[in-house]
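If you're matching them up, the sequences are chains A and B in order.
Take 26 as the starting number for the first sequence in the numbering used here and just add one per residue.
Take 26 as the starting number for the second sequence in the numbering used here and just add one per residue.
FYI, nobody ran anything at the bench for these hints, they're computed from the structure.
Treat the hints with care, as some may be off.
You can't tell identical chains apart in this list, so a pair holds if it fits in one copy or across any two.
Within a straight-line C-alpha distance of at most 16 angstroms, the following computed EDC-like cross-link-like pairs (lysine to aspartate or glutamate) qualify [stated by the list, open to error]:
{"#": "1", "residue 1": "K613", "residue 2": "E442"}
{"#": "2", "residue 1": "K447", "residue 2": "E515"}
{"#": "3", "residue 1": "K406", "residue 2": "D195"}
Computed from a predicted model, the values in this text were never measured in an experiment.
Protein chains: 2
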Amino acid sequence: MKNIIKPFVVCLSLFLQTESHAQYHQFVDPLIGSEGLGNVFIGPSCPYGMIKPGPDNDLHANSGYSADIDKPIYGFSQVHVSGTGGGAKYGNVSVMPFSGDFASIKQESLRENEKVALGYYSTLLSKHNIQTEITTSDRAAFYRFQFGNNDKNAIKIDLGRYLDESIIPDGRESQQFVGSQVEVISDTEVRGYTKIRGGWNNGGAYTVYFTAIFDQPFSEFSTWKDQKFYPNQKNQVDEGKKTGAMLFFNGLKDKKVNMKIGISFISSLKAKLNVDNEIPHWNFEKELAETQQKWEDLLQRAEVDKDASVEKKTMFYTGLYHTMLMPVDRTGENPLWENNSPYYDDFYAIWDTYRSSSPLITLLNPSREVDIVNAMLQIYKRDGYLPDARSGNANGRTQGGSNAEVVIADAFVKGLEGINYKLALEAMMKDAMFPPGGNEEKEGRGGLVDYNRLGYVSTDYVRSGNRTIEYAYNDYCLAIVAKGIKRKGEYWRFIKQSDNWQNLWRDIEDNGSRGFIMPKDANGKWVDSIQCAATNGKINYVPYTPLAQDWPNCVCWWCGFFYEASSWEYSLSVPHDVAMLIQKSGGKEAFEKRLNTFFREEFYNVANEPSFLTPNLYHWIGRPDLSTDRIHTIIDENYDASRDGIPGNDDSGAMSSWLSFHMMGLYPNAGQSYYLINTPYFKETVIHQENGKDFTIKAKNLSTKNKYIQSATLNGNSFENAFIEHQDILNGGVLEFVMGAKPSKTWGTKQVPPSKSDKK
Amino acid sequence: MKNIIKPFVVCLSLFLQTESHAQYHQFVDPLIGSEGLGNVFIGPSCPYGMIKPGPDNDLHANSGYSADIDKPIYGFSQVHVSGTGGGAKYGNVSVMPFSGDFASIKQESLRENEKVALGYYSTLLSKHNIQTEITTSDRAAFYRFQFGNNDKNAIKIDLGRYLDESIIPDGRESQQFVGSQVEVISDTEVRGYTKIRGGWNNGGAYTVYFTAIFDQPFSEFSTWKDQKFYPNQKNQVDEGKKTGAMLFFNGLKDKKVNMKIGISFISSLKAKLNVDNEIPHWNFEKELAETQQKWEDLLQRAEVDKDASVEKKTMFYTGLYHTMLMPVDRTGENPLWENNSPYYDDFYAIWDTYRSSSPLITLLNPSREVDIVNAMLQIYKRDGYLPDARSGNANGRTQGGSNAEVVIADAFVKGLEGINYKLALEAMMKDAMFPPGGNEEKEGRGGLVDYNRLGYVSTDYVRSGNRTIEYAYNDYCLAIVAKGIKRKGEYWRFIKQSDNWQNLWRDIEDNGSRGFIMPKDANGKWVDSIQCAATNGKINYVPYTPLAQDWPNCVCWWCGFFYEASSWEYSLSVPHDVAMLIQKSGGKEAFEKRLNTFFREEFYNVANEPSFLTPNLYHWIGRPDLSTDRIHTIIDENYDASRDGIPGNDDSGAMSSWLSFHMMGLYPNAGQSYYLINTPYFKETVIHQENGKDFTIKAKNLSTKNKYIQSATLNGNSFENAFIEHQDILNGGVLEFVMGAKPSKTWGTKQVPPSKSDKK
């Protein structure tokens, strides 16, 4: 089986060869999160890469990929997302090499010897005896097919395949076929497109154009349309039917065929230009090395202790990697407006990523975050609203707040330059003042009429609990930007509104703690019970408690009082005014008890974002040691470097960025200018910033035993707070902790992190 | 000048030749409405034709065309609309033959010997000595270029030209460039596209793809991008820049070149398929004859008195022609969703066309109207809302009501089959219950929160006067459909709401008449004066009276209390309850006086739609003779067969359909099942219906003197009413009037047409 072994030799030597100059990318394992709930994309991708070529073996898997070795691969498609939940999106322009039965459009094979590394994927399609290797640039992918000992082989380009195809017309969250076209240009070039609508965000039609170029001429070809083959017919015109092309390679037993495939959202010619610009050669190894280097340039910006365990380094750098897979850079590729300004797509969803992903990009790659925010403002300008989620060039859906406002405030308070904050405020005001109408889950703020009239979203609207609490924080973020650009009227209006969470704060007790965000109707009356499913013809009412999850049993998944969480979780989510939250919960002692109950009784949900900040809330009662205890327990019990190493959907890297931040000992309160400090996992982390200044975090004597910060210095001066300003990091320097086995009674206990009500 | 004269000979013989079998299309003069305000499209078009190729000599003219002979033609573009106002739309894929200076992208020429007929356009571009003739099929155009005595000639395909280009980014109502691409496929074939956004409806980007095929090979070519020429470079990829191609024809002095150009909104291959399917030959005359025949099949459905004057027949048949230019049939050409159901675009605007255009199509071409309504329902299903206006695949803008509801009700009460009225009701309910949000002028009902809470739209919203009054009628239409499909709950809710116009009825006097629709604020207080422009630093308040036009002097064009009209006009616009309007105006006598004042004092605006029904309101006081007097005066003073023969923007044929209906002696009250009867302009009109039954309207003894209906019979039986049910027409038969010189004291005086309040 010479033909199978050979590519592996090449491939392994490749890895050995690149290791010498590749310090960090080798610690990235794209398979972390590929089993369990992670749903990560495992194929090769550049940072924020538009093309994400990879194997599809599960039509309903969010990344197209199931780790299940018994699920045959049916193609390698060019567009994917990473870590998402709900209905799948993309999976377009499916390429499949095959042999044997040439009469069937459907082709599949089990896989063997799968190999996954940063920028690289390979597997043997055992049924066809064809080895497939993939690497990629930003907008074009490089495939290397090693045919086996069959004399005739073929490559299929299938424009009728895509993820989550549903036979239900307009099936919610599923994708629907709109049209496709294929054109054989020469015996080495094929172009065309596939047009799909729907998917998780229920977006409008998007078109993925492609041009595929081969280094060997195909001997013959057949195109198809609507299941019927047309041998040697060059074109299949888009008439709303599924089309594709079979390219036959005769006499290439044991030979290689290379294919470069570019994609574009503009045109097939643009797709070809993307190939020509990005991969003007036929050297697979060179392309792989370039992609590795792109990552290397980013990953090396956080240089952790060389002596740390490979597992910890793998967890950390894979975390950074996952964070930088999305949103994707499609600058020049927006089909709907002039394309000379940055354009990013696949914000999926900002509800997930505003908390730690955006801040992590701001820390390590601020110029990129400037582009991302500018892209969001372009989206506002052109489509009318900022996105909360967005995919396939269409806004949608909103799970709760209009959290682009947090991303903008985070950029503003961290001093990102090159953003038109006046335009940004206008965009935020649109969210806050104009009901999105029609489809209230597409963008903006659903239930806004209530919110602006009553000060809360009433039970007339779904998700009224988390909408209210999120809008209050969004208002805070809006106010901060307004204040910063001297718009006092807006500041006062929205800083007042940011207290609106209190309008749903009900002074009831549950499991020993007081005060919860609870449902209220439009007349201001608390709602005690909710209608649930009818049993034997009788409608049931069930009490609505702080632990109740009305969804999905009583109402639909998106129709509960809170989105994907309970009141226990959301009632602790007031990032701008933890001091007031503590006061309303009965003071510091009661609050500590409340947090303890929350974690001990497992009311905390490690697999979802609403509680991302909660383990850090001990900081506000002067107990950063307890925050660290919780965080390290959460990480140690739920995260590792295995395929099942991410506890929930990675959500475009949200879970991963949460992990990477905590491993460095920092955690952002997104929208605010500081980071909370916890015990890091590394003795040293050097952040090489884009401004040229290094910021080092050192933990002297750190060990499993010495896990508590006793004291700290910043550039040699005593540093008593368990939080640090972004500006202090920007200035460069060294933050050094002295570690010890017992919690410190002094460090981080006096000055707690800021709260809105401090300022009164 | 043999080369110039020759095409005219061909052309004239062509007209003579077709006259024998062409009874009606020769009475169509596409130039009626080409001067003055009409803004009609003068180029060739099939009925509801997707392609509308024609000359552009005015960048800001709505149809691209100015009759001004001193304005040079700069190209012939493939997409136009007819009769619109406001910012222009389309003007895409500009083709220009030229000679002489080959170094410049800009090419233009004055025109001579322009000839315009149904399906045909020709002119001599005098500067270049090139004769251009155009005819067309539905989706492909046929150009015949006769070169003069220059040895070298060229044809330019310019993808960077379009109407109403503005240097202001995002200029309201103007079009903006998004991208373009060109590809020379062979020496006889060029393809590409142009992508533009904006225009009057401020719509998103639309793409017009094309393929142009020549019957002579071009000798050489040069493509360009961003003003720079690339000789012999086949492709110019879309990178957001303007592109195009110059095709040089050498040695064709005094020769002809034929070009077929197909367009598509899907792809260039689809555009080519459109050419291949529709014009599989190179015979210009054959194509012209086919287009004439398509019109002939429609026009002959209303067969008027053969002895009528050519002018009257020309006015009438041109009216039918204008009515059937839009909306355009783009079935299979919607780029955003599956295309197996009817798709129509360029509803421009339903606010204009619901009153008489849709009913005229329903009368003469009901199967077409079924498709149009089904297309509207598809738009609702896919885009979320019915259109009120729509162009370039995007809804927008609403001037007042959600008048698709009137179109649906009109279809329903006239028994159109093959429409899912359950889905239609759902679509109407969406308008009536869900604020469109964000951009409240795109679709749905702006100010709906007010309307549903207060029963009127308050002065917090612009256009609150006509919005309120139109929504009330829309609600009536909704109620009628709800009742018809046994949805009693909805019926009762909306029939009650249809009285909402009364909430803005203020009992004040103006010019001797009582009661007007007047502005009211959100607290229920009448608004007496409005803020107007500041003079010398002082804000002026001006009284708001029933004759006031706050727009465009005090506020923007779209920001007044009424859209494009005064309270005198709109206060008479209650099509569902004229009886109540009469009562509120002080009874029959007061109402007659009011109508007389309205017309005598010229408060009536012949150039706009809000008063389309008003001259007929005398019917409701039992005086159809007075209606006829008004209508005939309006027509005789404002309409004729000249180029300036339409008094206002034709609005996709709205003005024209109003005229054609009245010339037959019928006028619909759109959304209701009857036609008002007036004195026709023809002694006989036979309507050959699609159901196979003829309906004949005869006016015995009709003359200038004998202009009043004395009595009538329907199929020989006495017919006393001045209105007739649609069903009576469907049944076929003869409606015969006996005419006389004096108004009848009896006919049409007893039973007046229906009103909502009759039913109480």
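Do the hints match the structure? See the list:
{"no.": "1", "hint": "K613 / E442", "result": "neither (39 angstroms within a copy, 71 angstroms between copies)"}
{"no.": "2", "hint": "K447 / E515", "result": "within (12 angstroms within a copy, 46 angstroms between copies)"}
{"no.": "3", "hint": "K406 / D195", "result": "between (28 angstroms within a copy, 9 angstroms between copies)"}
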